[in-house]
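Those protein sequence lines, which keep their order, are chains A and B. Taking the numbering used here, I'd label the letters of the first sequence as residues 1 to 398. Taking the numbering used here, I'd label the letters of the second sequence as residues 1001 to 1303.
Keep in mind the hints are simulated off the structure, nothing from the lab. A few of these clues could be false.
Only some residues are given here: those of chain A computed to face chain B with a beta carbon under 8 Å [stated by the list, open to error]: (1) THR51; (2) ILE114; (3) ARG116; (4) PRO123; (5) GLU135; (6) VAL193; (7) CYS197; (8) ARG284; (9) TRP287.
Only a predicted model underlies this, so the values are computations on that prediction, with no experimental measurement involved. Ideal placement from N, C-alpha and C gives every residue a C-beta, glycine not left out.
Spelled out from the first residue to the last, the chains are:
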Amino acid sequence: MSDPDVHKSVPLRRPLWTPGVLVMLVFMLIGAAFIIARFTGGIAAVSNLSTARPWGLWVGIDVATGVALAAGGFTTAFLTHILGRHYYESLMRPALLTAMLGYTFVVLGLLIDIGRSWAIWKPMIFWNTNSVLFEVAMCVMVYLTVLYIEFMPIVIERFKSRPGTSNRRVQWLLKKGEALLGRTMWIFIVAGVVLSCMHQSSLGSLMLITPTKLHPLWYTPILPLLFLTSAIAVGFPMVIFEGTLAKSSLQSNDEMALMSGIARFTPVILGIYLSLKIGDMLVRGTWIYLFDNTMQSNSFLIEVGLGVIAPMVILLNRQRRNSQRWLFFASCCVIGGVVFNRVNVFIIGYKPPFGPVTYSPAVGEIFITCGLIATLMFLYRVIVTYLPVLAPRREDAI
Amino acid sequence: MKLGAAGVASSLVRPKNAQAWESKAPPDTESFGCLTDISRCIGCRKCEKACSEINKLPPPMQPYDDLTVFDQTRRPDAEHITVVNRYHTGRLDENGKLAPNYVKIQCMHCVDPACVSACITGAMTKSDSGAVHYDASKCIGCRYCMVACPFEIPAYEYHKPLMPQVIKCTLCEAEFTRNNRPPACATVCPTEAITFGKRSTLLELAKKRLQKNPAQYVQHIYGEKEVGGTAWLYISSVPFAKINFLKLPHKPLPKLSETLQHSLFSYLWSPIVLFTILSVVLFKRSKKDVLPSSNTSEDGGKI
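Bound conformation, chain A alone (with noise of 0.2 Å):
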């Protein structure tokens, strides 16, 4: 395990066209059919959206979860680049590539979201820096760029490999182009944990204007502080949900001493974010409305109970962390405590005064949804089969 060759990340060459991908296709159809209706017939075709309930699924789940569970790019990149534990450097190229994958469809699920999607561009030109959303989007454009060019290197280096296909020139230019990167990577690296800083608290940032709006339980002036920290605790729990799926159906290779590794810091960090939320509720008084038994507040101990400190405690104990059953629930726990907040901050806790209180996602609004996220798994297969992101199970690279 001491092996400092790191770089051993290879392309699958596994079977692409396994049943699960299939599955995968036949989601994209249906949701690229109510894609078709929304553009053809208006958001009204495909969604329960109204006066009342301007943001629903698309902005709790494809924007808010999304940018929060794409959280193991940054925090990953800043434990291993900033931090320096080239450990774990395995682990930071499928992180990447979610995060890379994770923003990207943070803007396609914005472009079918926005009314005038054509309009997309405009805040490029048009600025309120009043405007929480403003800075979000900013970042967030930003951020995608940086996240394509840290994921440049591992494009070249599938293609700098093979230097009897190409041209000479392609090879000189991914010769310089590699070397460029490599000098001012330093650069991105610390830029994309700085914007991603920025955006992921001003996603909490963005309800604050909604005091009359937003359930207590959820509203408070330190909400972007209390979704900076989500986002960073859901960073490694992702890295750990995804590297043992990769494992199990793609015969990666088995990382589960480096997971265990950086399981440590989960609690810690769940750790803060509890004590922020239980001293925000004491100081605020916000603790009353914990058991009235409403939608609003069974939604909160779900999202607390088994997200926060159900995690936490597991993952305090150090065999639990070196078992990757208990590992895996407990990721699957912080993953769904984050999903539940977003969607609790976005959907549930939002509380229209005059309109309609409950809503629920139309048919249109689900497959949409389930679309995208089934494009994004299936980029994300195709990457792996083709570029060096994941690392072979040791006896398959021998």
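Using the hints provided, position chain B relative to the given structure of chain A.
Here is chain B on its own, set in the frame of chain A:
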């Protein structure tokens, strides 16, 4: 890791160079608004008709004199910029009969509007005239204005696939700034329930009415202080809570988020500080790496 998180955390909660937040509202003595006297409204819905005509909205499903419209409480939508609702509050008229109250609702044209602060491109603006103005040519359709509005007013043309707009009252801004005419609803109102004028004048008028007839009015001018003030004001003979008016904080809604955003990101000082700190850490760490003993499994636990 913890150190970095703590650094970020402290930079988040401790605003540096925080300037006191200031209202960007035009002065009351120069900006316009309307005062609705609910005790005068007879529910004729002529304002709805005038509004529909001047804004070229589609004709209504039911004629304006069809009283069954009042059987349901309505909200403004993409085809109805203003609506009048009927409430039975238990108030009795001179003959001892239950008397209804009619309430016209539309955009309140807040003094410090949340929608204006929220709008990603600045498509929503607070005009010097007092109106909250929507410029569709800048709009991307994110609908954050609708999320931000405490009165749940802006509506959206969800059925349009490519060019939907936010629909809300314009205060007939073009009418009074260009043609020197009051808003269509105020012009047409037969009982003068809607008065158009400078906000300061309207506040004086409202106070005068409340003082002159203290028994007839609830001693509250709705919109004087709610969410920092609105250009559309209301006075009423029945408690506002009974006719579906929201109890709202007096603090302007954009204050918190704008203070936070500007104290954190003016001159991008906090991202620059964070970038510098992280770069220093990165280079210190990578120098250590040059040492022959590469960091391996024993490097855990030291963070």
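Structure-based check of all given hints:
Interface hint status for THR51(A): upheld, as the beta-carbon distance to the closest one in chain B is roughly 5 Å, under 8 Å. The restraint placing ILE114(A) at the interface with chain B holds, with a minimum CB-CB distance near 4 Å, inside the 8 Å limit. Interface hint status for ARG116(A): upheld, as the beta-carbon distance to the closest one in chain B is roughly 4 Å, under 8 Å. Interface hint status for PRO123(A): upheld, as the beta-carbon distance to the closest one in chain B is roughly 5 Å, under 8 Å.
Interface restraint check for GLU135(A): the shortest CB-CB distance to chain B comes to about 6 Å, inside 8 Å, so the restraint holds. For VAL193(A), the shortest C-beta to C-beta distance to chain B is roughly 6 Å, which falls under 8 Å, so the interface hint holds. Hint on CYS197(A) holds. Least Cβ distance to chain B is approximately 5 Å, under the 8 Å limit. At a threshold of 8 Å, the smallest CB-CB gap from ARG284(A) to chain B is about 14 Å, leaving the interface hint violated.
Given the 8 Å rule on beta carbons, the hint for TRP287(A) is violated: about 21 Å separates it from the nearest Cβ of chain B.
When the structure is compared with the earlier hints, violations turn up for hints 8, 9 and for no others.
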